[in-house]
Every structure is written in structure tokens, then in C-alpha cells.
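Asks: Listed below, chain by chain, are the residues.
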Amino acid sequence: MQNIKLTQPYQHPHIALIELNRPKVLNALSTELMNELVEALLKLDDNPEVRVIILTGDDRAFAAGADIAQMVTATPVDQIIDNRFRSWQQLSLITKPIIAAVNGFALGGGCELAMNCDFILAGDTAKFGQPEISIGTTPGAGGTQRLTRAIGKSKSMMMCMTGEMMNASEALAYGLVAKVYPAQTLMQETFEVAKKIADKAPVAIRLIKESVNKSFETALKDGLDFERRNFYLTFASTDQKEGMQAFLEKREPKYTGK
Amino acid sequence: MSTFYKIETKNDIQIITFNRPEVYNALTREAKLDGIKAIREAGKNPAVKVIILTGEGKAFCTGQDLNDPTIQNLAHIDLGRTLETEWNPLINTIRDSKKIVIAAVNGVAAGAGVAVALACDLIIAHPKVNFISGFAKVGLSPDCGAHYILSRHLGYFKTMEFFLTNRPLSASELQSRNLINAISENPLDEAIKLAQEIALSAPLSVEFIKKNLQQSMEVNFAESLARETSTQRFLGNSSDYKEGLKAFKEKRPANFSGT
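In order, the protein sequence lines correspond to chains R and L. Quick note on the working numbering: the first sequence kicks off at 1 and runs consecutively. Quick note on the working numbering: the second sequence kicks off at 1 and runs consecutively.
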């Protein structure tokens with residue numbers, strides 16, 4: 001794996017960190033990088049030790065979009081054969097929580113990749129945008145869909161049509177990001193958040209991810225039905241018994257992931 | 001090397017001097033862009049700990065050079081663009097710099113020149129210094145963050161008077177309103193003294209103090225508290241904190257690495 005780095009921050013057994021690692025091109029998302037990323041994510045999803053995944057770039061950029069050099073002369077047929085969005089579709093197969101930690105630019109495909117994660121934590125240097133219009137094309141990996149769901153039609157239209165970026169505090173105000181920290185402290189704070197999630201019952205965490213994501217796909221009534229079934233389902237887990245028992249006994253729960 | 005500035009380094013202090021005394025250090029587009037570059041480079045240079053901004057001649061800075069051809073073509077004028085691409089980046093470069101920027105205000109500051117001084121982190125002024133707004137006299141309104149900063153320090157009514165009339169704010173008035181740190185016959189020397197003291201503090205502490213104090217003026221108590229917490233969690237793991245503690249116990253000056 002050359003285009004991404006996979007590590008375990010602070011040697012935490014349940015937290016995995018993936019760093020996009022093409023610093024010279026602001027982590028532009030080449031087909032190779034995306035394939036490596038998906039391959040790594042699928043492995044982490046299968047690894048019973050891993051409970052939370054953090055995805056990040058570097059100080060300058062989370063990812064500054066697709067690899068334009070790869071696309072400039074492409075024909076539609078080239079794109080069909082390249083099938084670059086296959087890896088993007090596979091992102092939705094990951095059932096464990098993925099946190100995007102964004103410092104610097106998250107533009108075009110970078111913004112879309114961040115939005116593909118379950119939530120975004122941002123450093124105060126973060127800048128989000130869908131600038132595809134500035135190079136004569138449109139977002140292609142969910143930008144017009146996910147950004148609109150995240151921040152509403154008016155702002156999404158304006159951003160996609162002008163190519164203008166939004167900064168971290170604006171992104172927070174619009175609900176695109178969950179929280180903003182000073183850029184230097186972002187990774188440590190992200191790790192603290194990841195730790196909180198890793199300490200919770202892993203199966204329930206997966207079901208929450210599934211239920212929240214369902215809310216974008218269904219009518220409210222169907223979503224509520226889905227949620228209720230997932231709620232009932234947690235009662236089949238030993239972790240639910242442990243969680244409630246620990247609460248009554250006023251002690252910290254010990255979850256096994258079963 | 002830009003002709004608009006004199007740049008000299010004294011130990012770990014970089015002095016950037018506006019050097020167009022013939023026009024009272026008014027700034028053209030080129031002068032602003034060169035200034036942004038100079039401050040950015042000083043910000044990135046690990047050998048520089050503090051930046052001092054000052055002016056050559058009688059003035060500190062008198063804002064926009066009204067003879068700049070880019071603001072003369074009245075058929076296609078967009079002063080919003082002048083702000084977006086020249087002045088606002090200059091102001092933001094000063095405020096966003098990781099280094100402390102001290103204004104050694106040697107003479108008059110007018111128009112956006114006032115805002116340049118106010119964008120700095122510390123201000124030392126000569127006793128004869130005047131701040132003059134001037135915008136309403138040429139058919140414009142104040143810019144470069146002047147409303148934000150002045151209303152917070154001068155209050156609504158005094159800021160109104162300053163913006164609406166040609167009455168200057170004198171050095172003594174500025175000091176009584178806490179808009180400057182000190183008055184000195186030789187503001188540059190005084191600024192250097194101050195810079196030398198700052199250079200002894202831990203660089204990461206300095207960097208976060210600047211950012212977090214700026215942020216605290218814009219957010220509510222809870223957000224400021226959250227940021228302090230996040231900063232402390234981070235700095236608690238820095239090697240300079242270890243060194244600071246050790247130096248404190250050993251009763252010696254700390255030797256900080258900035259990490």
C-alpha cells in the first residue's frame with residue numbers, strides 16, 4: 001500500500017487510523033488510492049479487534065479531489081472501463097464507524113469522501129467545497145446528493161454552481177461537520193472521540209450506523225420501523241444485558257462485542 | 001526582495017518596514033502582495049519568533065495608495081475584489097500568523113493603515129501618533145475589520161465619531177482606551193524589548209494564546225472553554241511542557257524547542 005498508511009494510533013487495540021498519503025498532490029484520489037482504501041477498509045471491517053476507523057489526510061489537505069491528471073483526456077468509454085466509482089460504492093459496505101478528521105482542503109472527491117464517512121471532525125483550517133464546476137464538470141461521487149442532504153438545497157446549489165469553498169466554522173454552522181477543533185489538536189481530539197465510541201457496545205454501534213443511514217433512504221414511518229427492529233435486536237446481545245446491568249450496579253460496563 | 005519593504009533580522013526577531021515614505025507608506029496592490037509574502041515567510045521561518053511591523057519616515061501606513069491604477073479605472077471598478085484579493089488577505093495573514101506580530105507605530109496611521117495596526121497582536125506607538133479614518137471623506141466606508149475591532153474597544157459611540165468625522169484618535173486617547181499597549185519616543189526599540197520577552201516563552205504556547213484569544217472574542221463561553229480544554233490536552237503531551245516543568249523544578253530558564 002503506497003497511497004495510504006494504516007496505523008494504530010496510541011497503540012489502541014480497537015482504533016485504526018488510515019492516512020491518505022499522496023502529500024505531493026494534496027492527497028488527490030487516484031483510482032489506485034481508492035482501491036487501496038477500500039481494500040484496507042474491508043479488511044478492518046472483518047477484523048474483530050477493530051471497532052472504530054479514523055480516516056484523515058495531512059495538515060494541508062484531507063484530499064483535494066480526484067486525480068485530474070488521470071481524467072483530463074478521458075472519454076466516457078474510458079470512464080466506464082476504468083469503473084472508478086466501483087470503489088466508492090464499496091464504501092457503503094463498511095459496517096463499522098468511520099470518522100473523517102479533516103485539516104486543510106476537502107475539495108471535490110475529497111469533500112465527497114469525507115461525506116461518505118459517518119461523521120466529520122474538522123480542524124479550524126478545514127475548507128470544504130465542490131469546485132468541479134471550475135474545471136467544466138460536476139461532482140460525480142455523491143457531491144450533489146450528500147452535500148444537499150447535509151446542508152440543504154440553497155447552500156448546496158450555490159456551492160456547486162460557484163465552486164466556492166466553506167470554512168470550518170461555516171461547515172459547523174451548516175451541520176456538515178460535527179465539531180471543530182484547533183488544527184493542531186484535531187488528531188488527538190478525534191482519537192478521544194474514537195475512544196468513546198470504541199468503549200461502547202460494538203454491535204449497537206453498528207446498528208446505529210445502519211439506522212441513521214436508513215433515514216436517508218426511507219420515509220419516516222419505514223425508518224421508525226427499521227429503528228425499532230434494530231432496537232429489539234440489541235436485546236439479543238450480551239452487551240445489552242451487560243450495559244443495563246452495569247448501569248443498575250453503578251459500575252463501568254465491560255463489553256465483549258457479542 | 002521587495003522594494004516596498006526593508007526586512008531585517010535581529011536575533012530571532014524579524015522587522016518588516018513599510019518603505020514608501022514618499023507616499024506615507026500607502027500601499028499599492030503589489031506592495032500588499034509583497035507584504036503578505038514577507039509576513040508568511042517570516043511565519044514559516046523557524047528562526048523567527050516575533051515579527052515587528054513598522055514604517056519608514058513620517059507615517060506608519062496610510063492605507064490604500066489612491067494612485068494605484070488598479071483602483072482608477074472607474075468603468076470596471078470592483079473595490080470588493082481589491083479587498084478580497086489584497087487587503088483582506090493582508091489582514092488575515094497578520095491575524096492568522098503563528099507568530100506574534102507587533103506594530104511599532106512610528107507615525108500616522110490612516111484609512112486601512114489603522115486596520116493594519118489593529119490586526120497586530122501588540123501595538124507600541126510614538127506619542128505624536130494619530131489614527132485617522134478618512135473613508136467617509138472619499139465616499140467609502142471603513143474596511144479591513146475596522147468595525148469589528150474598534151467597536152469592541154472604543155464602543156459604539158466613540159467609533160461612530162471616529163468613522164464619521166476627520167477627528168483623529170491621538171496616542172494618549174488610544175492608550176486610555178486600551179487600543180495600544182504603550183507609548184514610546186522610540187516605538188521600534190520598545191517593540192524589540194517586548195519581542196525579546198515573548199521570544200523566551202514556549203512557541204506553541206504563544207501560538208495557541210494568539211489563536212484562542214482571537215477565537216474567544218467571537219464565540220460564547222462554552223466554546224472558548226472547549227477550545228482551552230482541547231489546547232491543554234494537546235500541550236500536555238508536548239515536549240516543551242516537559243521541559244517547562246523540568247526547568248521550573250530546577251529553577252533555570254527553560255530551553256524550548258517548539259514541539
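Keep in mind that the hints are not guaranteed to be accurate.
The list that follows gives simulated cross-link-like pairs (lysine to aspartate or glutamate, EDC-like), each with its CA atoms no further than 16 angstroms apart [what the hints assert, rightly or not]: (1) K158(L) with E173(L); (2) K210(L) with D124(R); (3) K98(L) with D59(R); (4) K128(L) with E185(L); (5) K44(L) with D59(R); (6) K98(L) with D82(R); (7) K179(R) with E228(L).
Derived from the structure by calculation, the hints contain no laboratory data.
Asks: Between the alpha carbons of K158(L) and E173(L), is the straight-line distance 16 angstroms or under?
Replies: holds, 11 angstroms
Asks: Would you mind confirming whether the straight-line C-alpha gap from K210(L) to D124(R) stays at or under 16 angstroms?
Replies: holds, 14 angstroms
Asks: Holds or violated: are the alpha carbons of K44(L) and D59(R) at most 16 angstroms from each other?
Replies: holds, 14 angstroms
Asks: With a cut-off of 16 angstroms on the C-alpha distance, tell me whether K128(L) and E185(L) pass.
Replies: holds, 9 angstroms
Asks: Taking only the CA atoms, is the gap from K98(L) to D59(R) under or equal to 16 angstroms?
Replies: Judged against 16 angstroms, a Cα distance of about 14 angstroms means the pair holds.
Asks: Holds or violated: K179(R) with E228(L), Cα cutoff 16 angstroms?
Replies: holds, 15 angstroms
Asks: Could you grab the alpha-carbon distance between K98(L) and D82(R) and see if it respects the 16 angstroms cut-off?
Replies: violated, 44 angstroms
Violated hint for the displayed structure: number 6, the only one.
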